[in-house]
Amino acid sequence: MTHPRFGVGLGLALLFGTVSTASAQPGKAPPAAVPFKQFGSTPEQFWQSSVLRWTGQLSLDLETIKGEIANAKLAPVVRAGINTQIENAILQTLELDQLVRKGVPRDKVFAAFADVEKSLNALAAATNQNPIAKQATAASLARADSAYHQLAAAIGAGDNSPDRTKRRLLRLADSIDDNTEELRTISAEALPNERQLDRALGQYARDVRVLARRVRDDADANQVKQAYLAMGEHWGEVLGLLGRVRGLPAAVQAQSGRVDNLHRRLGGVLNLPPGPGAPLPPPGAPDVKRFSFAVGADTGGQPRVTVFADERGTVAYNFFAYDKSFDGGVRVDMSDLNGDRVPDLVVAPGPVRGPGAPLPVRVYDGRDLNLLVEFVPFPNWRGGVQVSGTDLTKDGRALIAVTAEGTQHIKIFDLAQGKEIDSFFAHDQKVTGGVRIGWGDANGDGIPDLFTVNGPGNAVTTVKVFNGKNRDVLGEFPVLDNKYRGGAYIVAGDVTGDNIANAIIGLDAGAVPLVRVFDLKGKMLVEWLAYDERFRGGVRVAMTARNRVVTGPGAGLKNSPLRIFDTGRVKAPLAEIVPFVGFDGPLSVGGR
Numbered sequence: 015m016t017h018p019r020f021g022v023g024l025g026l027a028l029l030f031g032t033v034s035t036a037s038a039q040p041g042k043a044p045p046a047a048v049p050f051k052q053f054g055s056t057p058e059q060f061w062q063s064s065v066l067r068w069t070g071q072l073s074l075d076l077e078t079i080k081g082e083i084a085n086a087k088l089a090p091v092v093r094a095g096i097n098t099q100i101e102n103a104i105l106q107t108l109e110l111d112q113l114v115r116k117g118v119p120r121d122k123v124f125a126a127f128a129d130v131e132k133s134l135n136a137l138a139a140a141t142n143q144n145p146i147a148k149q150a151t152a153a154s155l156a157r158a159d160s161a162y163h164q165l166a167a168a169i170g171a172g173d174n175s176p177d178r179t180k181r182r183l184l185r186l187a188d189s190i191d192d193n194t195e196e197l198r199t200i201s202a203e204a205l206p207n208e209r210q211l212d213r214a215l216g217q218y219a220r221d222v223r224v225l226a227r228r229v230r231d232d233a234d235a236n237q238v239k240q241a242y243l244a245m246g247e248h249w250g251e252v253l254g255l256l257g258r259v260r261g262l263p264a265a266v267q268a269q270s271g272r273v274d275n276l277h278r279r280l281g282g283v284l285n286l287p288p289g290p291g292a293p294l295p296p297p298g299a300p301d302v303k304r305f306s307f308a309v310g311a312d313t314g315g316q317p318r319v320t321v322f323a324d325e326r327g328t329v330a331y332n333f334f335a336y337d338k339s340f341d342g343g344v345r346v347d348m349s350d351l352n353g354d355r356v357p358d359l360v361v362a363p364g365p366v367r368g369p370g371a372p373l374p375v376r377v378y379d380g381r382d383l384n385l386l387v388e389f390v391p392f393p394n395w396r397g398g399v400q401v402s403g404t405d406l407t408k409d410g411r412a413l414i415a416v417t418a419e420g421t422q423h424i425k426i427f428d429l430a431q432g433k434e435i436d437s438f439f440a441h442d443q444k445v446t447g448g449v450r451i452g453w454g455d456a457n458g459d460g461i462p463d464l465f466t467v468n469g470p471g472n473a474v475t476t477v478k479v480f481n482g483k484n485r486d487v488l489g490e491f492p493v494l495d496n497k498y499r500g501g502a503y504i505v506a507g508d509v510t511g512d513n514i515a516n517a518i519i520g521l522d523a524g525a526v527p528l529v530r531v532f533d534l535k536g537k538m539l540v541e542w543l544a545y546d547e548r549f550r551g552g553v554r555v556a557m558t559a560r561n562r563v564v565t566g567p568g569a570g571l572k573n574s575p576l577r578i579f580d581t582g583r584v585k586a587p588l589a590e591i592v593p594f595v596g597f598d599g600p601l602s603v604g605g606r
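Position 469, counted from 1, in the sequence shown is what my numbering calls 483; the numbers after and before it change by one each time, with no gaps.
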């Protein structure tokens, strides 16, 4: 098993001109993602947010490696030597993070990033020298390598340096080579009869080396592009072969995802849009980034977000959505906002305490969790916000609904237009407790409708569904009875299989942890207790990619466990997952 190589290259997309990406591909080509218009932040602010996203991720990955080394059976002197390299890498990453926050000139940022690269190379070399350390940290170092390349791309956005671009291309090619050979090894062990797959991977690896040689020799730009196109043809062949394997082993799936991500980043540096060799895998092919659901640590915890690839609890990403010092909590939702068939992640902040500007709502690309857009929906509001997104509509609208927590105010933004398109109050402004929101097609017309429920306050807790065409009220009914005013959380999802969204609610704090599913007329279809009936912290609800219900508790349960339920069999959860060990506070859950 080889460790990924880390690299220094920083340039993005401008050394080479664009060329046609037409190329034979297995499977149907995916739809082009709808670009979002930037609004709500300056280019410099957006660059800073993008870079800090990945310095935080890299720091988290390095801390994971530190823990793995602590638990590995290593001689004290070996452990001490590796720990020195880990601490140095953490320190260099922190220094880079601080320089970006201070807004220093880019040349200083580039120099600091070079120090990060050197420290990561030294760490990889140190672990590679010891078989036990190498085995213990292989997966985490691969994740750190991925975060490193994303960080390089974020830092280099807009940088025109040919030297830095060349170096990045070479390092990316090295990393693809290493990870492709690792994929060959894993596939040979797990799929010994797939000889055609091994040949296709071998050809892809040779194509990578051809590209690296042409870049190293300063070949004509078109020759480099043609090498990438050749890579794409054989990577598409690999995906097609993997797509025909039933019960694809998780290790093969995960490693093919790493190679695919690196391939895409290489195309980005070459200014080639995702195309040859970087399509969405055909049905059944590995796609570890088809996320199932996400969870955020809410008020009282660090703004930690974990994205799960499946209902078994396989972690796809784990990162800080805002600065680690922020303790107002983070709220999450998921939907395919840009229409590329991969759900994107939306995060929103809880209340801001002390001085400072309101924090933005952020949208991350479902493919690699790069920042797509950020905006402040209520410029003078320092309280928390709730957020919900819907899949890209048939007429190309990327809709996000946002509420100012504690109020009835809802704003709707279209990210494709980069602007607010609606603003209204769900209930009379005298109704206290705020409103919670979710999107779903309530009447089967193919247009997303807005589901709402009010929080704890002075009015009966009521579900209200607004028509997505004209905001007419399609349905309105109490969640419990005409006396209950304790509030609820809501998500919309098709649990009956008729392509009509149902209202799924979880009662708020103070009530039993009850989850209920309703049709549009207010008929209760199924209900169950998500946690022990003595628990009174409230229940937040979301849907997985398979239309199963995810529940997250409010404060008061040890380690705040997530639970997943099949609405056809609700007596016991299908799974229970602890996303943040040691955190007993409330969780925000989001899925699609």
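It is worth saying that the hints were derived from the structure and are not from the lab.
C-beta: ideal position from N, C-alpha, C; glycine also.
Keep in mind that a hint or two might mislead.
Capping the alpha-carbon separation at 25 angstroms, the derived lysine-lysine pairs in BS3-like fashion look like this [said to hold, decoys possible]:
(1) K408 <-> K425
(2) K497 <-> K535
(3) K433 <-> K408
(4) K148 <-> K87
(5) K444 <-> K425
(6) K116 <-> K408
(7) K148 <-> K132
(8) K338 <-> K122
(9) K537 <-> K572
(10) K51 <-> K483
(11) K483 <-> K425
(12) K122 <-> K132
(13) K483 <-> K497
(14) K535 <-> K572
(15) K338 <-> K572
(16) K51 <-> K122
(17) K483 <-> K535
(18) K425 <-> K51
(19) K585 <-> K572
(20) K497 <-> K444
(21) K433 <-> K483
(22) K408 <-> K444
(23) K425 <-> K497
(24) K478 <-> K537
(25) K537 <-> K483
(26) K132 <-> K80
(27) K80 <-> K148
(28) K433 <-> K51
(29) K433 <-> K497
(30) K535 <-> K478
(31) K122 <-> K148
The following label-pair restraints were derived from C-beta to C-beta distances [claimed, not checked]:
(32) R120 <-> P145: 37 to 45 angstroms
(33) A371 <-> Q431: 53 to 61 angstroms
(34) D231 <-> E77: 57 to 65 angstroms
(35) A586 <-> N85: 31 to 39 angstroms
(36) A153 <-> Q431: 17 to 25 angstroms
To see whether the hints hold, each was checked on the structure:
no. : hint                              : result
1   : K408 <-> K425                     : 21 angstroms, holds
2   : K497 <-> K535                     : 19 angstroms, holds
3   : K433 <-> K408                     : 19 angstroms, holds
4   : K148 <-> K87                      : 12 angstroms, holds
5   : K444 <-> K425                     : 18 angstroms, holds
6   : K116 <-> K408                     : 43 angstroms, violated
7   : K148 <-> K132                     : 18 angstroms, holds
8   : K338 <-> K122                     : 24 angstroms, holds
9   : K537 <-> K572                     : 34 angstroms, violated
10  : K51 <-> K483                      : 23 angstroms, holds
11  : K483 <-> K425                     : 15 angstroms, holds
12  : K122 <-> K132                     : 16 angstroms, holds
13  : K483 <-> K497                     : 32 angstroms, violated
14  : K535 <-> K572                     : 37 angstroms, violated
15  : K338 <-> K572                     : 22 angstroms, holds
16  : K51 <-> K122                      : 29 angstroms, violated
17  : K483 <-> K535                     : 19 angstroms, holds
18  : K425 <-> K51                      : 18 angstroms, holds
19  : K585 <-> K572                     : 22 angstroms, holds
20  : K497 <-> K444                     : 18 angstroms, holds
21  : K433 <-> K483                     : 18 angstroms, holds
22  : K408 <-> K444                     : 36 angstroms, violated
23  : K425 <-> K497                     : 29 angstroms, violated
24  : K478 <-> K537                     : 14 angstroms, holds
25  : K537 <-> K483                     : 24 angstroms, holds
26  : K132 <-> K80                      : 18 angstroms, holds
27  : K80 <-> K148                      : 13 angstroms, holds
28  : K433 <-> K51                      : 8 angstroms, holds
29  : K433 <-> K497                     : 39 angstroms, violated
30  : K535 <-> K478                     : 11 angstroms, holds
31  : K122 <-> K148                     : 33 angstroms, violated
32  : R120 <-> P145: 37 to 45 angstroms : 41 angstroms, holds
33  : A371 <-> Q431: 53 to 61 angstroms : 24 angstroms, violated
34  : D231 <-> E77: 57 to 65 angstroms  : 40 angstroms, violated
35  : A586 <-> N85: 31 to 39 angstroms  : 32 angstroms, holds
36  : A153 <-> Q431: 17 to 25 angstroms : 41 angstroms, violated
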